[in-house]
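**Student:** Each chain is listed here by its residues.
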Amino acid sequence: MSQVVLTLRASPAIVVDCSPLTPDRLAGKSAATIAAIELQSGNRRLPAGDLFDITGESGDTLVIRNACNKLDRIGAGMNGGTLEVEGDVGAFLGAGLVSGTIRVSGGAGAFAATGMVAGTLHVRGNVGDFLGAAIAGDKQGMLGGLVVVDGDAGDRVGDHLRRGIILVGGNAGDYCASRMLAGTIAVRGRVGALPGYAMKRGTLLLAGAAELPTTFNDCGTHELMFLRLFARHLAGVDAAAASFAPHGERVRRFVGDRANGGLGEILITV
Amino acid sequence: MANRIGAIVDHMNSTALSRNLLVLQDSGWIVTTFAEVRSRADFVLIVGTETNSRFPRFAERLIDPLDSPFSDGPMQRSVVYLGARPKAPADARVLDCPTNKLGEVFGALRCLVANRPLQAVRVAGLDMEILNGLADEMRKAKYGVVAWAAADLDQPHGELIVQSICGLVSDLNETTRFAGLPLGGNDADVTANQVTLWQTGLPLRTGFGRGVPEYDAYHFGTDRLLAGRNADVLLWISAFDPLRLPPETDVPTIVLGSPAMRFTKAPAVFIPVATPGLHHAGHFFRSDGVMAIRLRKLADSPLPSVAEALTAIEQAL
Amino acid sequence: MLIRLKGGRIYDPANGANGTVRDIYIRDGRIVADPGDSARPDQDYDVSGKVVMAGAIDMHTHIGGGKVNIARALLPEDHRADLLARTELTRACCGHAAPSTLATGYRYAEMGYTACFEPALLPTNARQAHMEMGDVPIVDKGGYALLGNDDLLLSLMREGADQKLINDYVAWTLDVTQCIGIKVVNPGGINAFKFNARKLDLDETSPRYGITPRAILLTLAQAIEDLGVPHPLHVHGCNLGVPGNVDTTLETISGIEGLPMHLTHIQFHSYGTEGDRKFSSGAARIAEAINRNPNISADVGQILFGQTVTASGDNMSQHRNRKFASPNKWVVMDIECDAGCGVVPFRYRDQNFVNALQWAIGLEIFLSVDDPWRIFLTTDHPNGAPFTTYPHLIRLLMDKTFRNEQLARLNPDAAAASTLGSITREYTLNEMAIMTRAGPAKILGLADRGHLGIGAGADITVYTDHEDREAMFRTPDYVFKDGELVAKDGRIVKVTLGATHVVKPAYDRGIEDRLRPFFARYRSTRLENFAIDEEELCECGSSRLTVHQCRHARVA
Amino acid sequence: MIINGVTIDETFAEAFGMRATRLIITAANLRWANHAANAATGFATSVIGCGAEAGIERELSPDETPDGRPGVSVLLFAVSGKELAKQVERRVGQCVLTSPTSAVFSGCDGEEKIALGKNLRYFGDGYQISKLFGSRRYWRVPVMDGEFICEETTGVVKAVGGGNFLVLAASQMQALLACEAAVEAMRKLPGVVMPFPGGVVRSGSKVGSKYKALSASTNDAFCPTLRGIGNSELSPETGAVLEIVIDGITEADIRQAMRVGMQAVCAIGAAGGIQRITAGNYGGKLGKYHFHLREILA
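Chains as they are written, first to last, in this note's numbering: chain H, 18 to 287; chain V, 25 to 341; chain C, 6 to 561; chain W, 35 to 332.
Extracted from the complex, chain H is given alone in its bound form (with noise of 0.2 Å):
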């Protein structure tokens, strides 16, 4: 399988926006047209071929080596094929994710997986605040799709998400599922204060205790036979996010944010 590589020659500035650098889009190109590409980082537009080298062919794979925190928007609104980072990223790391994977081996900024639609995005590493979250002014965050995150998320996990599923190996901070509208947050970790804050409806499920807001209403210890149907759902995906199965059905259901009159969901296993 034909690939394209992009090294890192070293950290720039000011951060870039890496948004044209997808495997789609980069389908068919020589690798000295992607080194013409220009890249906004700041008030300037720099050439790809500044930053990076440039190796391989062009195929339905490209991977970003040596990436640091300064590179902004790794696949955004990227549609189809596979994108491989080797290193940390920077903010709105598959933003509006149109279909494809992209794997970090690092860890990611802020607004990862921010209006994303569909596909899958994979971060081995940690993850900054508003994960599949909404940005200023949007009333929905992530649309659909499988986010996992292998280490800790930041505050407001999926604040208004909309629909998908996001899965957090580790820690979850404050306010996580915040503004829920639907869609399925799963923390194996700990998560931060007020989960669910505001909460209108969709489920986040918690391995332990949590300091829920008194705005949630306690709806007993259930076993609820969807959490079987979602467990097989992620059966075939390779993190320890997604065994969460093996906790079994038996959860204790909070309901709320009955603030906003939300119907959400917090399950805690039993």
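Just so you know, the hints here were simulated from the structure itself, not pulled from any lab data. What you are looking at is a predicted structure, and each value in this text was computed from that prediction instead of being measured. Where a beta carbon is used, it is the ideal one built from N, C-alpha and C, also for glycine. No incorrect hints appear here.
Label pairs and their in silico Cβ distance ranges:
| no. | chain 1 | residue 1 | chain 2 | residue 2 | range |
| --- | --- | --- | --- | --- | --- |
| 1 | V | PRO80 | C | GLY249 | 46 to 54 Å |
| 2 | H | ALA257 | W | GLU98 | 25 to 33 Å |
| 3 | C | ARG297 | V | PRO141 | 57 to 65 Å |
Assemble chains V, C and W onto chain H, guided by the hints.
**Tutor:** Chains V, C and W in isolation, oriented as in the chain H frame:
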């Protein structure tokens, strides 16, 4: 000038300001202005701890006077303070609760107002019965007001508290009239936001690096830009208040400021400027974002205004 | 400098030119007589075969002031999707539903518009409105001050103040807010909403004051008449958007007792309750009433499909409309014992029965009012649609085939419920020049605008006569503002500042003694800080103040 | 053709195009899955009077069901996708949603989709919850024993209805025993159901009737008690005739089921009183599918 050089525009207070702005952008709100509060409000809930010290004339001008064009005798006005040991008059009704629990308190009030049963018996240390009484009072108010200063809700994601306040206000308007009153306007923060909005279509934290306006409420905050070293120059403007010094940073800093500024670390460039409303005319938006006040020139100054200084810089570019 | 536009076909209804071929001469920003063969033009534009009209005038467009800025704040997602890049001449900004002031000026000028009137200028918020309008480049501006829900006027009426006193208050308001007309929005209703009323019919008495909307309208219309303000009272009536409000509107027309009155965005006030869905067109009855009552004029407030935002002083109606907010976010404000405001984003959908019928109702009104001098082309920007849709709307009015094609795409029940398909009228270029130039200038009392006669300001738009009227009106060949070429082929070539148009009826300054105590006690600003003078207006970006004559100034 | 003393007529079964779906009904145990499935496929013998023809295809082990519980797969057939949708919604709503511990899933991908939980969800009165896993949407409807889980839609496929053969035997019991054996064998096969009670039908019908209101009436040519009158197809030794009707997803499914069924009948053979196997048709003019008995058994 930002348009010309591709800079990002932010305000020193915009972390606080954005607590309101993010709510406006997400759900909107029902709000009112000073004269309505003074003349109409029969119930006022003041949220936060520092309202009276931040806005010393707030109570004196708006809360204390009980004459109203709409009542034939003195008005009845209930005033309740809510927050972490709020600085309130000695005889005031005070509900003490930590700032980080305010969102839950408003959440519980929303449940009570809408008759949605809650299991909790205490919220943020407040008995549900007290909150129930408060909710009842709010429902019975003819024109209720909740006032808050975003600067007081100083914690990460403070906008979620503001959103709860606004949600409660909106619920109450199903049956009676109620309004929020956001307090702010210091250091021309509201003014800067208004002008940025109307000229570009987007609020503060808008950048021009791409040749088009680009708004990023999160990454374009000054602190974050400096911490991530994603800016190579900081231009700090503070013509009103000599105490508002630029943040300590090793990013080269240019200051357009009051000549009274005293720096611990000298900026790369310091251009003393005149004070609006003292040395030259200008405009200033009051807290509610409706009333713009004309600032008049009262005295001469040899110093340039900020606008003159910026124009000169731009022409020299 | 002498400029000649050579050989154009002139559509200048105010001066009786209907496609007449002649040259136009411009000197020092004004249209001048043919200087004779000896004069050599410094600039010569060959516009032979092209259509030449005065610059267009939008007499009702929300381009500045608090509610527009709230709309901007509310919709970053809408603005992000319509970005205008920086050029050598123009600045980076955003357009669409609530465009920035800069984008507003650029885009109006590019479409051949040279004057815009902000119809809802809250006296309390006048300073902001003028600051914003000052930042709308190129085009001239003016505003209508809102009265009729302010506690001051209602108090005066309740006390039985005589008309003379009220006239002074109205004239004072025009003076200190630097406006050209008076508008009333949901008379008494916005005020009643503050007392928790949710509707106020024409003959319902308001809480606290016990005054009816009918009385407020009559009082203000009489004031306008007595003061000789050219623009009739600009009325946004009761029950906006409520099915059945056609009856209220007809009552409003007869209730004004022959005084001049301009009914704004009348489309939103022309709804019946017939049919299965209890929503029907009242357009025919409205058009008939306008045709029969020469004291009445109207602008339409056409809706066009897509995302927009509704911004209105009518917070009573807007609070009701919050349920239709799309996206679901909205702002309602009570303002300073003066007025209110409500901002609700809206997406009009062509497959939605009500929206589709609203579209048809607007067009039915346009096409059923006989006198183009009394009906005006507006979308009530941005309430019915952004002003950038005007060329499309013009094509709908001038091209029956195109109109019927569009009609066929709508919700079929709505199309069936409308008579639009049977209307064969097509507006002519001359009628379009009346509706968008000569008519607005006449009804606003702008003596030197909206026409191409000798002495007129040289606001001129030159179009290529194109069968596709949308293409024609979207991209004029040349746009001149005060004699300067500001846009060419739909691109800005020069950025200028526009003037502010006002009227200054005479009044007794003694009124201030009456108002001062109310300001001091109940308002949060002193009377002295309320007034805006010419110097301040120019600081805000206006090129100059243009004072228009009142018909007959009654000296105090 | 004679097999083990049984004459196979030179004739064919005539079958029709139908629309079908497969549902997987699961429950806490097989017993309750069967209760729900039996009820949902009950009163579904003929589209003429029931709107649908349906039956249990087979039982499923836990590792064959989406939720890992025991279940059964059922097939439902109707004359059109629209009618099928109506029947599925009504039957699942009344018989599966109501049945303790049940859940129901699509067992059929077809491009055309009909509602399964899409409208039934409203039983949840606003408390229903949607879950989208991959491309499948499930509804969780709160009910008194927990949650009823129901997939949003199920696929519709083109199918074949009305495969059949008739067993002619010396006595009623001999005919019945042979048919029981045939049905037992046929039920092991995928893709088919025998929609009549026990899989066997005694009221074979012909088109038309002397009564104008009726479009079909008893198949007098195969009624042993009418042997002496008119045009009987029965020889004097034949004491009873029973029919097995088969609906299947594909033509091949029906062919295979008929083969297995007829072979089971033939295995009993003349020794068991079986005389003849024939099939019902309308002269080949009405149905698109013809199953020639001898070809099938060749």
